[in-house]
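J.: Let the sequences and hints guide you as you build the complete structure.
2 protein chains.
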Amino acid sequence: MSIRIGIYGYGNLGKGIECAVRQNEDMELVAVFTRRDPAAVKPLTGSAAVCSVADVEQWKDKIDVMIMCGGSATDLPEQSPKLAAMFNIVDSFDTHAKIPEHFANVDAAARDAKTVGIISVGWDPGMFSLNRMYANAIMPNGKDYTFWGKGISQGHSDAVRRIEGVKDAKQYTIPIEAALESVRAGENPELSTREKHLRECFVVLEEGADEAEVENAIVTMPNYFEDYDTTVHFISEEELKREHSGIPHGGFVIRSGKTGWRLENNHVIEYSIKLDSNPEFTACVIVAYARAAHRLAKEGAYGCKTVFDIAPAYLSAMDGAELRAHLL
Amino acid sequence: MSIRIGIYGYGNLGKGIECAVRQNEDMELVAVFTRRDPAAVKPLTGSAAVCSVADVEQWKDKIDVMIMCGGSATDLPEQSPKLAAMFNIVDSFDTHAKIPEHFANVDAAARDAKTVGIISVGWDPGMFSLNRMYANAIMPNGKDYTFWGKGISQGHSDAVRRIEGVKDAKQYTIPIEAALESVRAGENPELSTREKHLRECFVVLEEGADEAEVENAIVTMPNYFEDYDTTVHFISEEELKREHSGIPHGGFVIRSGKTGWRLENNHVIEYSIKLDSNPEFTACVIVAYARAAHRLAKEGAYGCKTVFDIAPAYLSAMDGAELRAHLL
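Protein chains in written order, with the working numbering: chain A, -19 to 308; chain B, -19 to 308.
Honestly, the hints are just simulated from the structure, not real lab data. Please note: incorrect hints may appear among the correct ones.
If chains are identical, the list can't say which one is meant, so a pair holds when it fits in one copy or spans any two.
Cross-link-like lysine-lysine pairs, in silico, DSS-like; alpha carbons within 27 Å at most [stated by the list, open to error]:
1. LYS62 to LYS78
2. LYS22 to LYS130
3. LYS42 to LYS62
4. LYS278 to LYS94
5. LYS123 to LYS238
6. LYS123 to LYS176
7. LYS221 to LYS22
8. LYS221 to LYS238
9. LYS94 to LYS42
10. LYS221 to LYS62
11. LYS22 to LYS40
12. LYS278 to LYS62
13. LYS62 to LYS22
14. LYS221 to LYS123
15. LYS238 to LYS176
16. LYS94 to LYS78
17. LYS130 to LYS238
18. LYS221 to LYS278
19. LYS22 to LYS238
20. LYS130 to LYS221
T.: Here it is as structure tokens:
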């Protein structure tokens, strides 16, 4: 019998989940939950129900894993514990500093309801965290580096769009090649914020807005751009739509470490991803962990988990013998 | 209390284990077991006992995890099940085709004795297997590529040394850059053996041996060289010692996959390692899994396991809260 999946929130991530479920033969999408008018939401999966979030409790026994597709700022802190009291859930909570608090809240709800909640799944946090952790466990004597991009940063694009005179904008985060090369060469450089990433903005101005003023407002913006070398390009609305409507992203996790009795040997471990669609890739990771959530719940391993707590085999549709024969 | 480690076989891998244990504060090396005369073996760790393999049973309650450092051809198939009947063990069994059989043998011994046996730990099998498995679970629709090198292949070096007229030799396996670039670009190429790797040999001849004859014997050798483009360099014994006495290795695991409702988006996941010392890095991976073996045994999770079966957190000296706060 298929693993019955629900999607809670049908934006870019929710649509990515829908596509990912379609690629996994042991799963089916049974319902999409929305805060909008259900009649206005048309999923690509013809067989999926569209329901109001207000009716979610009625689906308690009809969904094996609910995938939480809200935002980390205000949605998930409230929704994940609430839904974990009814369903096994997976979320992609990505406010790193608040993970311990979110973990505790989901854990309490999940233990109480005898469900499994897997939080902070995706690529960072997620696959990048896993690679940081494995590399740290393997080489205790070493140094970690994480680079993001080249890709669209939603938060930085939004910050540019809030500037007066800006009609629309996209911001790319770009790792600096010289820094990457130094890290890969095992030189263990100390890198400032400015030395690790560039920022590049493509901006459509409102009629009559002043280029120099907008550019200055961007490059001096505290927290977002001040500590970086930032390039600003003013382009037409048509060009922005034509050339910059994708959601690519990617990045690199590198650990350089030393071994030997006198630490005479150097080693570099590198994990990287290059993504055409950030939300679709994130969705693929989440769906693999939904399989794990379903299995863990069947074993009675209730409570909150992260990617660190889950044996890799739980993610795969293959059984142990197949995995050993084909992928080990 | 420290995790008490034993080393069974004190060659390159055993020495690497000794160095790795020294970097992990929660472990101590208590004894080295050898088939040689124990009086002739002097470990770097002054406090470690040196014992004959014949006396290993006396150490049953004094060692938490025995690390098996024999070869995969004849040592481990016999030694790992035998030692798993007395100790928790970790081995690096790397004959891919015989893993199912080896798993069954170690599993039977470990379940019977209530021990934990983790097999096929290192980088391939090991970290490369893990990365193949995670990437397959994330992107069911995709294609896997594994490249090895640049590095010394022990088996191919030995094969060259067995040729008449060869006094000594080292063989490097080298991934072909054009193939790597095509894979990274998401082109999903079909690659022949010859298109993936080059082989480069550095050979010291016996006096009076014929260069052309030896070169021909190498490049036409079935299984080892016939299917590759191979370069042969004849050098002096001094140069071989000076330039080719290290044991570097490395490699790449890449999966390229497609997502989206009509598979319109492409993604590439790449894991790579660059190692100054193959045995020391392998040893680091094994030692992290020795920590896992010890913890699993304390929880009563007996039997044979592979890297697929073990939650990442078991490898780390940090606890769950620390991991979530610092590495997630």
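J.: None of the hints should be skipped; say for each whether it holds.
T.: Outcome of the hint check:
Taking the shortest Cα distances, LYS62 and LYS78 sit within 27 Å of each other inside one copy (17 Å), while across copies they are farther apart (48 Å). For a Cα distance limit of 27 Å, the shortest separation of LYS22 from LYS130 qualifies neither inside one copy, at 32 Å, nor across copies, at 52 Å. Taking the closest pair of Cα atoms, LYS42 and LYS62 come within 27 Å of each other only inside a single copy of the chain (17 Å); across copies the shortest separation is 49 Å, beyond that limit. In this homomeric assembly, LYS278 and LYS94 come within 27 Å of each other (Cα to Cα) both inside a single copy, at 10 Å, and across copies, at 25 Å.
Taking the shortest alpha-carbon separations for LYS123 and LYS238, only the intra-copy value of 9 Å comes in at or below 27 Å, while the best inter-copy value is 33 Å. Taking the closest pair of Cα atoms, LYS123 and LYS176 come within 27 Å of each other only inside a single copy of the chain (15 Å); across copies the shortest separation is 31 Å, beyond that limit. In this assembly of identical chains, the alpha carbons of LYS221 and LYS22 lie at most 27 Å apart only when taken from the same copy (24 Å versus 70 Å across copies). Proximity of LYS221 to LYS238 under the C-alpha cut-off of 27 Å is restricted to the inter-copy arrangement: shortest distance 23 Å between copies versus 47 Å within a copy.
In this homomeric assembly, LYS94 and LYS42 come within 27 Å of each other (Cα to Cα) only inside a single copy, at 16 Å, whereas the closest approach across copies is 40 Å. Taking the shortest alpha-carbon separations for LYS221 and LYS62, neither the intra-copy value of 38 Å nor the inter-copy value of 66 Å comes in at or below 27 Å. Taking the shortest alpha-carbon separations for LYS22 and LYS40, only the intra-copy value of 22 Å comes in at or below 27 Å, while the best inter-copy value is 65 Å. In this assembly of identical chains, the alpha carbons of LYS278 and LYS62 lie at most 27 Å apart only when taken from the same copy (21 Å versus 35 Å across copies).
Proximity of LYS62 and LYS22 under a CA criterion of 27 Å is satisfied intra-copy only: 25 Å inside one chain copy versus 61 Å between copies. When the C-alpha separation of LYS221 and LYS123 is checked against a cutoff of 27 Å, the pair qualifies neither within a copy, at 40 Å, nor between copies, at 32 Å. Taking the shortest Cα distances, LYS238 and LYS176 sit within 27 Å of each other inside one copy (23 Å), while across copies they are farther apart (29 Å). When the C-alpha separation of LYS94 and LYS78 is checked against a cutoff of 27 Å, the pair qualifies only within one copy, where the shortest distance is 24 Å, while the shortest distance between copies is 41 Å.
In the homo-oligomer, the alpha carbons of LYS130 and LYS238 lie at most 27 Å apart only across protomers (19 Å), although the nearest pairing inside one protomer, at 29 Å, exceeds that limit. Proximity of LYS221 to LYS278 under the C-alpha cut-off of 27 Å is found in neither arrangement, the shortest distances being 46 Å within a copy and 58 Å between copies. Only between protomers do LYS22 and LYS238 lie at most 27 Å apart by alpha-carbon distance; the minimum there is 23 Å, versus 54 Å within a single protomer. In this assembly of identical chains, the alpha carbons of LYS130 and LYS221 lie at most 27 Å apart only when taken from the same copy (18 Å versus 44 Å across copies).
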